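**Q** Residue numbers (the working numbering), protein chains in the order written: chain A, 1 to 218; chain B, 1 to 458; chain C, 1 to 204; chain D, 1 to 395.
These are calculated hints, taken from the structure and not from any lab test.
Computed from a prediction, not measured in an experiment: that's the story for all the values here.
Hints should not be assumed to be uniformly reliable.
[To be verified] Quick list of the computed label-pair ranges, beta carbon to beta carbon:
# : chain 1 : residue 1 : chain 2 : residue 2 : range
1 : B       : P230      : A       : S32       : 50 to 58 Å
2 : C       : P110      : B       : A137      : 21 to 29 Å
3 : C       : V113      : B       : Q355      : 30 to 38 Å
4 : B       : Q355      : D       : A296      : 38 to 46 Å
5 : D       : A296      : C       : K54       : 49 to 57 Å
Each residue gets a CB set at the ideal place from its N, CA and C atoms; glycine is no exception.
Given next are the chains, with one letter for each unit.
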Amino acid sequence: MSQIFNRSTNAIARLSIWGAVFILGGVGWAASILNRSAYNTNQGVTVKQPVPFGHEHHVAGLGIDCRYCHSFVEKSASAGIPPTATCINCHKLIWSDSPMLEPVRESFRTGKPLNWRKVYDLPDFVYFDHSIHVAKGVGCVSCHGRVDKMRLTAQFPSLQMEWCIACHRNPEKFLRPKDRIFDLTWAAADQETLGRDLAKQNHLRSTVALTNCSTCHR
Amino acid sequence: MSANADRPPVIAPGYTPATVTDKISAVVLNKTPRWWYVGFAISFLAAQLLFITIAKLLVLTVGIWGINIPVAWGIDIVNFVWWIGIGHAGTLISAILLLLRQTWRTSINRFAEAMTLFAVAAAAQFVLFHTGRQWLAVYWLFPYPNTMGVWPQFRSPLMWDVFAVSTYATISALFWFVGLIPDLATLRDRSKHWFGKITYGMLAMGWRGSARHWHNYETASLLLAGLATPLVVSVHTVVSFDFAVGIIPGWHATIFPPYFVAGAIYSGFAMVMTLAIPLRKVFGLEDFITMRHLQNMAKIMLATGLIVAYGYGIELFMAWYSGNTFEQYMIHNRILGPYGWIWLLLLLCNVLTPQFLWLKKVRNSVLGLFFISIIVNIGMWLERFVIIVTSLHRDFLPSSWGMYTPTRWDWSFFVGTLGLFFSLMFLFIRFLPVISIFEMRGITTGHDFEEQAGEVKP
Amino acid sequence: MSVLSRLFARHVKPEFGKPGPRQEGGDLPPHLYGVIAEFGKPETLVHAVHATRKEGYQVIEAYTPYPIEELHDAIGHGPSRVPLLVLIGGIVGGLFGFFLQYWTSVVAYPLNVGGRPYNSWVSFIPITFECTILFAGIAAVLGMLVLNGLPMPYHPVFSVPRFQLASRDRYFLLILARDPRFRAGDTFRFMETLGASLVSDVED
Amino acid sequence: MTESPWAPPLADLAVLGRRGLVVGALAGVVSAAGLVLNPAQFYRSYLVAFVFVLGVALGSLAISMLHHMSGGAWGLVIRRILEASSRTLPLVALFAVPLLFGLRHLYPWADPARVAGDEILRHRAIYMNPTFFTVRLAVCLLLWTVFAQALSRLSKKQDDAPAPGLERRMQLVAAPGLAVYCLLVTIASVDLLMSLDPHWYSAIYGVYVVGGQAISGMAFTLLVSLFLVRKGAMRGVLQPRHVHDLGNLLLAFTMLWAYFALSQFLIIWSGNLPEEIGFFHDRLGGGWGVLSVFLALFHFAVPFVFLLSRDFKRDIGKLAWAAGLLLFMRWVDLFWLASPAFHPGRLSVHWLDLTTPVALFGLWLAAFARELGTRSLLPANDPNLAVALEVHAHG
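Please construct the entire structure, taking both the sequences and the accompanying hints into account.
**A** So this is what it looks like as structure tokens:
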């Protein structure tokens, strides 16, 4: 019998075993990165809209309250996309002949709603209700970020379940007084104490109840 | 083992290490016989059925199967349990018989272990594809830090099953491969073709058969056997928990674990027999797989068959004894309901037929054993059908009763896994030694691997 | 030996034992790995091993087509360390299995399932058991490979033409050149007295 | 008596028998006083004691049948101990008689008032009634005795004159014998123990009791082996490799018992059905829980760890410790099975619980010692004996 393999195969053979471990680990790691990346979640991605609506201008610049447009946010599951009429309330006077706003005027003329694109597209099997979040003291900014700084609206969080769960486990980290819900710039001096008090005051359910499957999946 | 005059020997007389080596490695290294191509082609064709069904399943999901409410588990699970059960004999032969120092196992263990591995591969198809959406099943089944922050439900027997089956697959693969290493070295040294030399050489990993090699090797083999023995019991126990932990009448019985394990061994030995009898014939291996093997397997089949019959009996008795309406109706429906004929057939196959094995004449007849083994294979399939479908189709609420009929895709999946199993089996008998060469060498010179292995036990 | 392998020449891991000091002023050829002898019967090999050990050689190795227990004792290898690795593997696996379940069900995401306790230890038994077996089994296989120095597709003994019969029906004894007692000519002649059918040098 | 080189140590056995008899009789007298003072408690304690002694004898019978079927040196060296133990079955049958007078103290189905008010007990009444119970128990004891005697007689025949077909005939008795044994133990365990609880049922119960009896038989055999070795009767016979095999069997039986126990517990715990969970509810609370933990530790965990060690298993002196512990734990297990039915919610150990097993086991031991003295300690004419006694270099 003569040698079948070269001396160097010894090193290669051992290396390949370790290599397999590292490659498998690397693939797993890459998959988890990809899964959490904006490519998969659309976090921070703006969506092309029929009219380039700017929250920064309307909120920070003009000081319009969230509820002026999203008028059901305190009462219903959906915050509400404003009807064209809401836009026209002002834009019949201001920028009333801007070509950029032509789709709005056309919608108003024809009565056919504007085809706004969803920025926050939750999975269909998630039951989400704006009103309860507002009622329990979750501010807009917690989920939507500083929309007053967004020229075009982008998805602020990843919207992955681990993000939802993080708040449902420790809601006191995010709770704020009723009158500060719509204030995007406000921050508590001592969030820890305030949050604990508010949780008690607003009758927040226990973490176990808040993280029960049926809380969000019904 | 004690010498016993009226038992046939485990290897025909006159063999030496050299002749054993040459004869068994010739099966692998000689030219491929024509029947192999025919057999492999048929199996491979059947395996295509599996791939077609899977393709269809991936698009349309489990709706193409006959399952629905109330029978949400159909013959996909029947087939899963059946395949896993068949796998058990392989581990049992190599592990438990190694621990019990039963020399006769040597010539069938390799082959039985391969059978285990391929049966688990076939069973895995059902586990994998019955989830409907396989890409989601990853987070249902495996604990990893996923983006939902959720973890699998460890109180569920289905999770236990995931761990049991994947551990079983891993350990059987390792056990099989470790057993192959010295024989791969043999093939490396015998192979005339450069491709064979390199392939077997890489797989043999430089095995030289030094005293140190053998010592660590024997210790590791024995420990693996010691680990595999409780493992194999645990696997079918966990499979039985899939049912018994639920509260469906007909499923929720404490006898299920031992009764399932016995049933698995029963069907597993039947399958070994079904495969070994033609194999020894076509390869001329009658000198290695002797009548002694077939007789011993027949005795084990008889014993496990009786345990299974005990299980059937105790279920009937306990249903009556419990005084529980639902349990009693379950038995009534099992015997007299629309699937009653299957139950009857099951009794014929699993309880009546093996009783012939009490007769020495039957145990000595190759043809008789072959037929009985096939009937038992069928019977054990029917048993799982009875347990799963008959229990589900009429449970607590008469308003939600229903019937179950498998569709042609159910059957094509099953036939496809048979094709997969036999394709792998054909590849195995062509490219790897079906009998452990080094252990046979030891037997011919009286250096029993088992005897020695028993001594190195920690 | 090919030119290529000379270029990559490196120390091949010894079969066994610590390398002894090379004999000063010995007449060792620069690439001698050892001397190997071939035997036709296991008994002869076992006798040869005893004789070799008696002669004072320590760094030796025997090759057989199947395990021979007497040989292991004769060569004087210690007990295998595989059981220890398996024990460690099993304990680690069991702890991993249980605490994986405990942590996920009690700490990471407690869920009420049919009123069962978060720490449903009864339900955790099967997976704890499976993990114990899995880790112990992997430890057994990896331990065996590592302790045997595998994979090692290249080894000097493979250069011996008749060594391929070590996997058939021939029995070999190798004395490594690293043995402190090793003298190229003497050792060769000594091995010829052991009843070997063939003795030859093994080049590295 | 034969002039076999393995003659039993008659003097030592006589001492053992006498001690058993004296202790047993004393404990029996004390227990009889208990019968007068507290008949209900007497029967409850007596039941556990009876099932314990029955388990030792039947376990020995089962192991001897297993040996006939599998062969192996381990069985040959203890065969005579197993046979002597199983030949005591007629005495065990006699022990069953007092039980028949206390059925109404023990079983809810034997109390007409309870049966009348309980639908399930009425449903079972056709099977679970004192007459049929007695018939079944008698048939079980009779059939076990028949199989034990048949094997023992063939074994005797082999001692008298070696005939080639005898082993095969013993196999022919043992194979159906083992099947019948398992079936009858199931029936008897439902009758004697499971029916103490009026509604509870579990299909694995019979198998669980079979597993326990195997431990009883093997543990007792190991203790007797140690006794014989100490008395010099089996010197040089019982080699480490035999002891190793016996230790492995004890380990296997212990694991099997734990497996059955765990399966039953896990299935019932997970199902959590009202008609089933009561059994464990009674046994996990009110002090009984401590006993359950004790059982898990000393009937399984501790012996298991020791029995894993090779050195431990190869030394009969060490192994006998595990055997002694397990034999005691067998009684604890049976006590755990039966007594919570009488004292739910409160751990209660009456002095009769201790005297009755001593009485029965003492008397039984006397009978066993007498039986062991009647034959050679090894089946001298068994064709496999020479191989079994070979001294292996590495044995």
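**Q** A separate judgement is required for each hint: does it hold in the structure or not?
**A** Hint by hint, here is what the structure shows:
1. P230/B <-> S32/A: 50 to 58 Å: violated, 35 Å
2. P110/C <-> A137/B: 21 to 29 Å: 24 Å Cβ-Cβ, so the 21 to 29 Å window holds.
3. V113/C <-> Q355/B: 30 to 38 Å: violated, 45 Å
4. Q355/B <-> A296/D: 38 to 46 Å: For Q355/B and A296/D the Cβ distance comes to about 39 Å; the hint holds.
5. A296/D <-> K54/C: 49 to 57 Å: holds, 55 Å
The structure is inconsistent with the numbered hints 1, 3, although it conforms to all the rest.
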